[in-house]
Amino acid sequence: MRIDSNNIKCFGCSACSQKCPKKCIEMVLNSEGFLYPIIDESECIDCGMCQSVCPIDKGYDSSRSKCYAAYSKDNSLIENSSSGGLFKELAETVLQKEGMVYGAAFDNQLCLKHFSVENRDEIQRFIGSKYVQSDINETYISVKKNLKYGRDVLFCGTPCQIHGLKLFLKKDYDNLVLVDLVCHGVPSPKIFKDYINNIEKKKHIKIMDFKFRKKNKFGECYGFEYSGKKKNKIISNCSMGAFTPYGVGFFQGLCMRKSCYQCPYSSIKRSSDITLGDYWGIKKIHSQFANICGTSLILVNTVKGEKAISEIKSKINFIVSDINRAKKFNHNLQKATIEPLQRKEFFQDYSKYGYVHVENKYLKSFKIQLWHFRSWLGQIIRSILGK
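Quick note: the sequence shown uses my numbering, first residue 356, plus one each step.
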């Protein structure tokens, strides 16, 4: 099957375009705002290299994961992280060996892309959840080059991006640590960009930074926060994420890539060395260990992953946990996000009428906001009662 003929299952990992020896595959935005491969037929030599690295319907080895609950001993790091600050601890260990760390960060146009960093000061760009699909660019090529030079490399991405990289590399490397995330699904980068542009027009502001998981004084991550410039003044605004138009679309799974609804990685079987996520339900499973500012779930999937975790154990608080109990509170370790009935209509209207129309029609539903409010209020009450 041609790699450009299966838009329903394509993850947009870009492994095919980076592997093509003729450079005749281009990743192009479709009408929904997602990247898909387009082949230049006049240059294609039918070598099959693109198909060999495509993750679609390809299995992967996965030993049973070990499970930990953990958080950094650095309180300031936890306060600025989505959960327990584990990613930065792993990244700094690699950088101390003069290695390279790859992750997703916003550029100066608020487009999410994968970059590499070589020093500690730059790691902050990767910290925190980003509810939008990142553009891999040519980072797989860069990773392979650095591995061949003998440098230690840590690569963090979604499970499909990790699997794409493994297939691209064709072999395992002792100096490579792969970290994936418990992923809810990736929304359209174009929808996010239009959401930002709409705020800028309404508020007469130029947004320079956006955070999806701003923690409050109780350590809870419910805020979407943007900061920007207005009349030469720097201002910021933090809103309950679930009540924002983009938050409604994300939490309802309305604007996600088609492949996310049948994601083969929504389980405890992983192709990475380490999986990081929020430890939902920590108070019910390990009530005495729960950190009010955030606790991470760690799945250690390989011997190499176990070694990487052992190197940071002096910097973290951790306990061994039960993976089967942990996954009960994290549905994306059990199954993929369900495709909403309105998704097709949503994107049809988006293509025909534009973003403002779909925001007003689909992303400001009183019923949806009421549902989120009740859910959020319940979490707050349970947090206060310690249940």
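Keep in mind that the hints were calculated from the coordinates and are not lab data.
Mixed in with the good hints there might be a few duds.
Unchecked claim - Distance ranges between label pairs, derived from CB positions:
{"id": "1", "residue 1": "N361", "residue 2": "K526", "range": "23 to 33 Å"}
{"id": "2", "residue 1": "S642", "residue 2": "D429", "range": "16 to 26 Å"}
{"id": "3", "residue 1": "K377", "residue 2": "K556", "range": "39 to 49 Å"}
{"id": "4", "residue 1": "S431", "residue 2": "M595", "range": "38 to 48 Å"}
{"id": "5", "residue 1": "Y708", "residue 2": "C402", "range": "38 to 48 Å"}
{"id": "6", "residue 1": "K719", "residue 2": "E666", "range": "24 to 34 Å"}
{"id": "7", "residue 1": "K500", "residue 2": "G403", "range": "36 to 46 Å"}
{"id": "8", "residue 1": "S386", "residue 2": "N553", "range": "15 to 25 Å"}
{"id": "9", "residue 1": "K556", "residue 2": "F598", "range": "36 to 46 Å"}
{"id": "10", "residue 1": "R419", "residue 2": "K561", "range": "44 to 54 Å"}
{"id": "11", "residue 1": "S665", "residue 2": "Q479", "range": "42 to 52 Å"}
{"id": "12", "residue 1": "K707", "residue 2": "S665", "range": "22 to 32 Å"}
Stated by the list, open to error - List time: in silico EDC-like cross-link candidates among lysine to aspartate or glutamate, alpha-carbon distance up to 16 Å:
{"id": "13", "residue 1": "K468", "residue 2": "D401"}
{"id": "14", "residue 1": "K503", "residue 2": "D527"}
{"id": "15", "residue 1": "K377", "residue 2": "D412"}
{"id": "16", "residue 1": "K585", "residue 2": "D633"}
{"id": "17", "residue 1": "K452", "residue 2": "E473"}
{"id": "18", "residue 1": "K588", "residue 2": "D564"}
{"id": "19", "residue 1": "K468", "residue 2": "E447"}
{"id": "20", "residue 1": "K624", "residue 2": "D677"}
{"id": "21", "residue 1": "K613", "residue 2": "D527"}
{"id": "22", "residue 1": "K545", "residue 2": "D401"}
{"id": "23", "residue 1": "K428", "residue 2": "E666"}
{"id": "24", "residue 1": "K558", "residue 2": "D527"}
Cβ atoms here follow ideal geometry from the backbone N, Cα and C, with glycine treated the same way.
Here is how each hint holds up against the structure:
no., hint, result
1, N361 <-> K526: 23 to 33 Å, "holds, 26 Å"
2, S642 <-> D429: 16 to 26 Å, "holds, 23 Å"
3, K377 <-> K556: 39 to 49 Å, "holds, 42 Å"
4, S431 <-> M595: 38 to 48 Å, "violated, 24 Å"
5, Y708 <-> C402: 38 to 48 Å, "holds, 42 Å"
6, K719 <-> E666: 24 to 34 Å, "violated, 47 Å"
7, K500 <-> G403: 36 to 46 Å, "violated, 23 Å"
8, S386 <-> N553: 15 to 25 Å, "holds, 19 Å"
9, K556 <-> F598: 36 to 46 Å, "violated, 20 Å"
10, R419 <-> K561: 44 to 54 Å, "holds, 49 Å"
11, S665 <-> Q479: 42 to 52 Å, "violated, 25 Å"
12, K707 <-> S665: 22 to 32 Å, "violated, 54 Å"
13, K468 <-> D401, "violated, 29 Å"
14, K503 <-> D527, "holds, 12 Å"
15, K377 <-> D412, "violated, 25 Å"
16, K585 <-> D633, "violated, 35 Å"
17, K452 <-> E473, "holds, 10 Å"
18, K588 <-> D564, "holds, 14 Å"
19, K468 <-> E447, "violated, 21 Å"
20, K624 <-> D677, "holds, 15 Å"
21, K613 <-> D527, "violated, 30 Å"
22, K545 <-> D401, "violated, 32 Å"
23, K428 <-> E666, "holds, 14 Å"
24, K558 <-> D527, "violated, 49 Å"
Checked against the numbered hints above, the structure breaks hints 4, 6, 7, 9, 11, 12, 13, 15, 16, 19, 21, 22, 24 and satisfies the rest.
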